[in-house]
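One line per chain: the protein sequences are A, B and C, in this order.
In this text, residue positions in the first sequence follow this note's numbering: the first is 1, and each later residue adds one.
In this text, residue positions in the second sequence follow this note's numbering: the first is 1001, and each later residue adds one.
In this text, residue positions in the third sequence follow this note's numbering: the first is 2001, and each later residue adds one.
Careful, some of the hints might be misleading.
Claimed, not checked - Label pairs and their computed distance ranges (CB to CB):
| id | chain 1 | residue 1 | chain 2 | residue 2 | range |
| --- | --- | --- | --- | --- | --- |
| 1 | A | A220 | B | D1182 | 31 to 39 Å |
| 2 | B | E1065 | A | A219 | 37 to 45 Å |
| 3 | B | Y1124 | A | P137 | 35 to 43 Å |
| 4 | C | T2007 | A | A219 | 45 to 53 Å |
| 5 | C | T2007 | A | A220 | 26 to 34 Å |
To be verified - Take a look, some chain C residues computed to stay more than 10 Å from chain B by CB distance:
| id | residue |
| --- | --- |
| 6 | P2008 |
| 7 | R2009 |
| 8 | R2032 |
| 9 | E2052 |
| 10 | Y2053 |
| 11 | A2107 |
| 12 | R2173 |
| 13 | A2197 |
| 14 | Y2201 |
| 15 | Q2260 |
Since the hints were derived computationally from the structure, they do not count as laboratory data.
Using N, Cα and C, we set each Cβ at its ideal position, and we do this for glycine too.
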Amino acid sequence: MPPNTSHDMSSTNAQTAQFRQRDPAAAPRLLLALTFLLLLWPGLHYSELDLSVLFDSDSSSAMGALLGNAWPPAHDQAFLELLWHSTLETLAIAIAGIALALPVALLAALLATRALSRAALHQNGSPALAGRLLRWPLRALLILLRSVPEIVWALLLVRAVGLGPSAGVLAIAISYSGMLGKVFMEIFESVDQRPARALVGAGAPRLMAFLYGILPNAAAEMLSYTVYRWECALRASVVMGFVGAGGLGQQLELSLRMFAGDEVLTILLVFLLLVLLADQLSRLLRKRLV
Amino acid sequence: MSIALRRVQVTHSAACASPVQALAEINLEIAGGERVAIIGPSGAGKSTLLRLLATAQRPDSGTVELLQQQPWALGGGSLQKLRARIGLIQQAPPLPPRQRVVTAVAAGRAGQWSRCKSLLNLIYPLDVAGIHLVLGRLDLADKIFDRCDQLSGGQLQRAAIARTLYQQPELILADEPVSAMDPVLAEHTLALLNREAQQRSATLVVSLHNLELALRHFPRVIGLRRGRILFDRAAAEIGEGELELLYANEQLLAPQQSPLPQPPANRCC
Amino acid sequence: MKRVPQTPRPPLRAAGILILLALMVAVVAAIRFLALDFSGVMEPVSLQQMREYFVQFLQPDLTASHLQAIGNAALETLGMSAIGTLLAAVFGVCLSLPAAGYFGRVAQHCARGLLNILRAIPELVWAALMVLAAGLGPNAGTLALALHTTGVLGRLFAETLENTPTGPADALRGSGGSRITAFCYGTLPTLWPQWLAYTLYRWENNIRMSSVLGFVGAGGLGQMLYIHLSLFQQAQAASVILTMLLLVFAVDSLSLWLRQRYLAR
């Protein structure tokens, strides 16, 4: 450090005083960091985080038992046949669920959409009061249907209609009719409204105004979204098996409960393959549609 | 009497700071089979008048009588029946881009066909012959199975005209039907509209920007300025002075002609 | 002169019809395979039972003690989602660097494979596995969320890393900075807003997810719902479902508000 005269000191002090204007971003950053830490602490408390369990999987723990007999994956004839059946069941649940949800969603979206209001034609697009009052509860219902996660529907329905794939199909049908319905409704309202209005203006009934005026513009997007949702339904149907709604998930839950690591591994592999195939298929279909 | 308007007023007020009077105290009678052109500067209320005649716009006051019926006194079903007898050709053709021309034209009769027939037609075009004939008259026959988004602007406008002709309305309304066409085609299309109307003794009301076209093709011309009828007489009797009065000071003040689908509704904002 | 035009025949759209037919066959096959038969459900007796079952949900239990338990479980759910997402963000950053090719080809393929596996297995399956490893309770749920979300975030992070312009970092390297300096001063400033946005978006997702992870015993609202439903306590279960809905709505509106406030500019 070079020796400083008092004169030098005072001048540098003045300079540093000039430069020591606080970083204006410092206070908000500090505050943000503090809030973050304050939120993190109860989070850590409530989540009871303990990473060590991941690493002490000695053979005495359940996980150890599972991992111990995971290799080679189960491949005996009987199990593979069972697995084939479960896989088909999972596929079928997703397809049937979406197939049931689709007409319900279409109908609900048609009833709830503002795009087909006759009054909107001559009021610059604002529908009549009665129509708005009728549409509002339907919209609320759609939101309610989709806001309850599908697995909660499955859990409720397993107790209502019994264990097995019917509960899964119904759960997908219910929650996906809400999702599809809401999205369809938004698509109807987002496409060009003039064709439908022109048709209503030329005396066409509203259903025809929809079929000839809105559907041609909306169909590709609707189909693409439905295929995407089918892919989601496939994943969901696996997950729903855990609460007893049939398919691969139920099989996985059984194997886990018996600590049959080899079976778990095979099921997981089949599941990964299924998801991969569904992904490719849905990509192919959507490319054809758009 | 095909059209009878008595003291009709239309004010556009929605979402605007100051309400704009689009039509003021319009009295108008057009007999069945008449062919009328409406001319006037941009913003004069031509589109609003046509929308009024197409029952797409409700008047604030006054009475509207179309084809011997008062549309705003009718119930929903009867109003739709009346609308099926009125055809409006819009400035921007309202055809879905992904639809095929054959279906788009067939949709003109969606108000007349039964639901079953309309549904079936969606799967397989039922009246290819009839639609081919109409398109042929508009020089569009080779585009019958093309998709609407493959057509040019002028072709699209002709497809929209074909739809209205296929509808076979008793009252044909057209809002700037030739704005996207070259002069030759415009001439041809207006002649076709007139011939069509004459053949079926339908009433024809067309708004036009081009004065010469209006004077040449239509027996009766109505001049509209600031929502009022300035003159209404036979084309042959219209003097240079009246035309000058119609467009006085407007060439400079008027905005560029806007291709908005519903100009009066948006213009004031 | 009028020539009579020859009416053309509409062209067949074979591919579309084939796809449609295949889809219909798939639907019919699915329904036949499952032997779906709702006629048993539609009988008056079972309909009556079903109605009684669902009517019980219309009187949610709102007593103070139950509400307190629910509040606790909701906090547990929030904590699980927050810590799980945070862990995932940290692991995701760690894995995204090799996955974006920062440490050579071999590391890239290994990291990508790991991320894909983590991502492909749903949270609930991870939760079931973690319950075996860590026992019942929120710890299992947190770990499950962390594992799945690591896969999702790691991939997204790696993608943004690959799409970031390398100009600033190259300039720093050129002026003698180390690789780490170049990364921190050249690459990170453009990256972190995106990373933060992805993390927050995943957190939103995870809040929804963590409320159902409890079905396999991983704590939170889900575990509570599962227990009440198993004990046929429909009134208590109804209030748990209501809380889930409230939570989802709150998160949805908050995220919508934030998005409109900060992203719509």
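(message) Run through the hints listed earlier and report the numbers of any the structure violates, in increasing order.
(response) 4, 6, 7
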